[in-house]
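Undergrad: Read top to bottom, the protein sequences are chains Y and V.
Note that the first sequence covers residues 1 to 645 in UniProt numbering.
Note that the second sequence covers residues 1 to 645 in UniProt numbering.
If you are wondering where the hints come from, they were derived from the structure by calculation, not from laboratory data.
It cannot be assumed that every hint is accurate.
Where chains are identical, the list cannot tell them apart; a pair therefore holds if satisfied intra-copy or between any two copies.
Unchecked claim - Straight-line alpha carbon distances no greater than 20 Å define the calculated EDC-like cross-link-like pairs of lysine to aspartate or glutamate that follow:
#, residue 1, residue 2
1, K301, D611
2, K534, E440
3, K618, E385
4, K270, E620
5, K615, E275
6, K270, E622
2 protein chains.
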Amino acid sequence: MVESLDTAESNFRPLVVIELAKGTKEETIEWLTKRIVDKKANGGAQLLIKPLVTENGVENIYLVGASHLRLLLGAEAVGLVKECSDNSMRSFTYSSRKTFKHFADDNHNFLTMAECQYIIKHELENLRAKNEKMIPGYPQAKLYPGKSIVRRLLTSGILVQIFPLHDREELKKLSHSWYGRVKVGYQPLDNIRCYFGETIALYFGFLEYFTFALIPMAVIGIPYYVFAWEDYDKYVMFATFNLLWSTVILEVWKRICAILTYRWGTLLMKRQFEEPRPGFHGVLGINPVTGREEPVYSSIKRQLRIYLVSLPFVCLCLYFSLYVMMIYFDLEQWALDYHQENESNFSSLMLYVPSIIYAVVIEVMNRIYRYAAEFLTSWENHRLESSYQNHLILKVLVFNFLNCFASLFYIAFVLFDMKLLRQSLATLLITSQILNQFAESLLPYWLQKRYNRRMKKHTCSKKTDMDLSLAEQVTMEKEMGTYLGTFDDYLELFLQFGYVSLFSCVYPLAAVFAVLNNITEIYSDALKMCRVYKRPFAEPTANIGVWQLAFETMSVISVVTNCILIGMSPQVDALFPDSKMDLVLTVALVEHLLLAIKFIMAFVIPDKPRDIQMKLAKLEFESLEALKQQVRAFQMQLHFPLSHH
Amino acid sequence: MVESLDTAESNFRPLVVIELAKGTKEETIEWLTKRIVDKKANGGAQLLIKPLVTENGVENIYLVGASHLRLLLGAEAVGLVKECSDNSMRSFTYSSRKTFKHFADDNHNFLTMAECQYIIKHELENLRAKNEKMIPGYPQAKLYPGKSIVRRLLTSGILVQIFPLHDREELKKLSHSWYGRVKVGYQPLDNIRCYFGETIALYFGFLEYFTFALIPMAVIGIPYYVFAWEDYDKYVMFATFNLLWSTVILEVWKRICAILTYRWGTLLMKRQFEEPRPGFHGVLGINPVTGREEPVYSSIKRQLRIYLVSLPFVCLCLYFSLYVMMIYFDLEQWALDYHQENESNFSSLMLYVPSIIYAVVIEVMNRIYRYAAEFLTSWENHRLESSYQNHLILKVLVFNFLNCFASLFYIAFVLFDMKLLRQSLATLLITSQILNQFAESLLPYWLQKRYNRRMKKHTCSKKTDMDLSLAEQVTMEKEMGTYLGTFDDYLELFLQFGYVSLFSCVYPLAAVFAVLNNITEIYSDALKMCRVYKRPFAEPTANIGVWQLAFETMSVISVVTNCILIGMSPQVDALFPDSKMDLVLTVALVEHLLLAIKFIMAFVIPDKPRDIQMKLAKLEFESLEALKQQVRAFQMQLHFPLSHH
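Full structure from sequences and hints, please.
TA: This is how it looks when you write it as structure tokens:
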């Protein structure tokens, strides 16, 4: 039975590609392949591996696959959660496989391809050194018992990359239903999840949700532009709606996120123990948690690096950014003077130049700072990938926030110039959106397209994408760019949320632009994922993590800014003709009330819908019952008599 | 081996007392005792039970105990966490019992008496009906499969009470080391925990910690009184220190709480599945989570009761409380007028009368409202005890907050009378402290003492407490009051925290009074626990729950009030001679900065100390490893060969 499941070479399905450096020593390759195919009992990964033979001969590229049985056992090891026949979600185990929906021993589609690739990645990364002191053939690439072999190969440059293969047919189906036709409707999130994994599907889910959530704001915002409403009471209404609405949408997102990730099984997935990230280095020592030998780096040293180097550097950058902003305002003043001196079409065009230059400079500064932040955070030597990511996100967020919004704050609360604020906001928002769309998707797509055309000309074939041989497919995909994660995509949304909410009572049209941008963003991001980049490995996730906090913080800040803006308006001013004091006190009172309502709302709206809560409770109850049953069975075994009165 | 552990009647140790109603039918008693002693396999609790024989004959009082082995198995069932020989904390299981510190088959002190009593309570409460349709002898006391027998007996009045027995010797030791001698030092928290359980020990831990944390404030506050400092810059400094300090102490408490509960094992204890609370009623139906038959009550009906009845009622009470407050201010004004008309010793004494009357009225209103809140919350028919408690706490907190602080807010922010504020604050604080100490401990102690003396006279014995026979001890203890939980004690601390922090820049001496009160509070509460009340059942807990949130909310509110008070002071006023506007804006800016610092501090300070984090990570790692090992072992069993290239 079990043997019959085993895959002969005939139905070897390539899932993951391993590219070794050119000129990698024969003994290294032999050792690595042996470790990969070796039995679990001998410390191997028990996977299948095949060299890729192209027209140019063997190129140090290997295809990794696994038998169906191996993948099922791997699914158990990574803790995959699947749907059972009774519609409940449960951790998959091989012994209970028959209870799962759509499971059949001959149904090789029970696990999606993305899941299979995730399992293989997990197994490869968990291939650990036994007694090897170094990678055979490379004495400088040290190993110690328990060190992940693949990570050492990556850091020592022997392994160029590992990436999962695209499935041309699936991809075509997916891209057709996703962005292939112009239609009004939801994205095929479940299919995206099956193909790209949960992290990416959740990003697209959030993008879609956020766009829908902005529509009410956009709809209410349009008449302000059309009828040129300048009544402040209308602006006040709009801002108040905006503030409460932004709280509601963030709370409701948590519920939708729970629904999605429950359906995908990641809400129930147990957190795996985190291994040190690949770049982590230190003196060999004993990890107090695992008791294993691994590099150890003192937490105090790291704290010193963070507070004595990174923090001052970030502050310096923030100062520099403010300095650049002041230059921008000088330029702006100069342009205004110029316009007033010689009124012409050219001079009125010149009025927009400083803003555009500033927007471009901001983009450039952001990108440079980003490299510095990555370098610094990597130098801080965090042990865990999650801690690395959090420190990186924090650094980048603070800088981006200042860069994008400092000038607007300055205009609003120092210059008190609402007209300039509206104009700057519009310019910044639109410029940055266009730049982003261009730099992020269209440019890489065009480059990729050109490269492919050259490649095809080179191999002088007239085949379409679908007819490519495996070798050609691999050669093409390995040259594609690597998708670096959802960070930049979320950051863009975060800044957009800032533009929309921070000064919403001054420029109600921002929501309209945001909605328009997001609709094209969905298409360009989808294009990027399907056509521009290598397929990324699926990453299970249960929520959007630190971004939820970032968006919530932004919505708290926007309460403050909007209240001040409304208080500063001449119309509201006119309501308190006798005493400015009363005005300020009223504004402060309203602000505190709004903040209190926000916190109470966040507290009262449950994070998970009732039916998900019930399902989770049911699972917890069952596991507790099972435990109790065990205890009871054990007690019965003992079978001891009790005397009683 | 196992049999030798079994307890013969000779070493029956009474742990828990069950008091049945006078005239309970013979068949009911027989059925109940049978169920209690019956084997687990037959659905019994497998405990030991003995009727208490007093001088007056059998009185329907039963003593429950259990064999050592039974208790150990019970400890596993309730998920008790104990310390291992290698100093790590682990869930106790009978099969791994040898690895635990101080475990020996003949060491009957491995489990503390409080733990044994908790286990027995748990086992009794989990004694469930099988096929009984009613309690034998009481056709109106309906049962259904799975219904807790003890809870039905309690709600139908057949079972008067269940309570754990005091251990006279232990109690004497404990009370001696706790409050028996006047000493400077910490309370014996670990001993308190062993005797009274974690919830009560944690309350005393918090009380002690809070008192220590107030000392710096008190020390800084004293010179303000001694030197009659009236400089506002000093008040500003004091208030700023106070605000940051209150954030720090609340964050640090979480860490200390983690240290304590890790040591006590409750931090690691798995949450048990919550059964419906005893008072919960409804139509018999199927619980969607458990699939068991139990009363079902529609959540919508409950929401309607909450929002249409409870909420309006609470609002009405709040309005009434404000109305009473206005009367108080009229009285106050009248007293002032009277004093100004006829200046005499009597009239100056009269000045204090309204405040004192008001404080007394507040206390009375609080107590009446408390009963109403309990009735309403019980009528809302919450399924879970925790949800009942949360709704009750919320109702009581809001009312108490308004009752205690509304008059102060009125004086501060409507009358702008700082002198009156200081005087009212002092009067309210001191009066309520004295009233509380009296009503809570001294009065019950005195009543108890008198009752005991009468009892002893009645049995005309000259024995001391230590020599009491078991029968006499039980008869005495069953008449003692029941401790209703830590709610009132925490509430008192919460209100005290409000007095100290909300107006700290006006009355720095509040902290001094709070410290003095808390020192006596420790003694009077200890006295109350040891001498006045029945021994309560131990309740495992990992934190102070909703009170942490309540204290944090209070500290946020106090930032707002203090900033306003400082802004209103004439000295700060004098700093901005030209523009009141600048003053208000500066105050608002400082307030927002302080709030931001508070939130960042709460975010940056880790909730658990590093070593506890490491220990928890280690445990998590071990359990994940164990799981992996299981998967691996299973894979090896399959032993399938994999072909490779």
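Undergrad: Going back to the hint list, which numbers does this structure go against?
TA: Hints that this structure does not satisfy do not exist here, as all of them hold.
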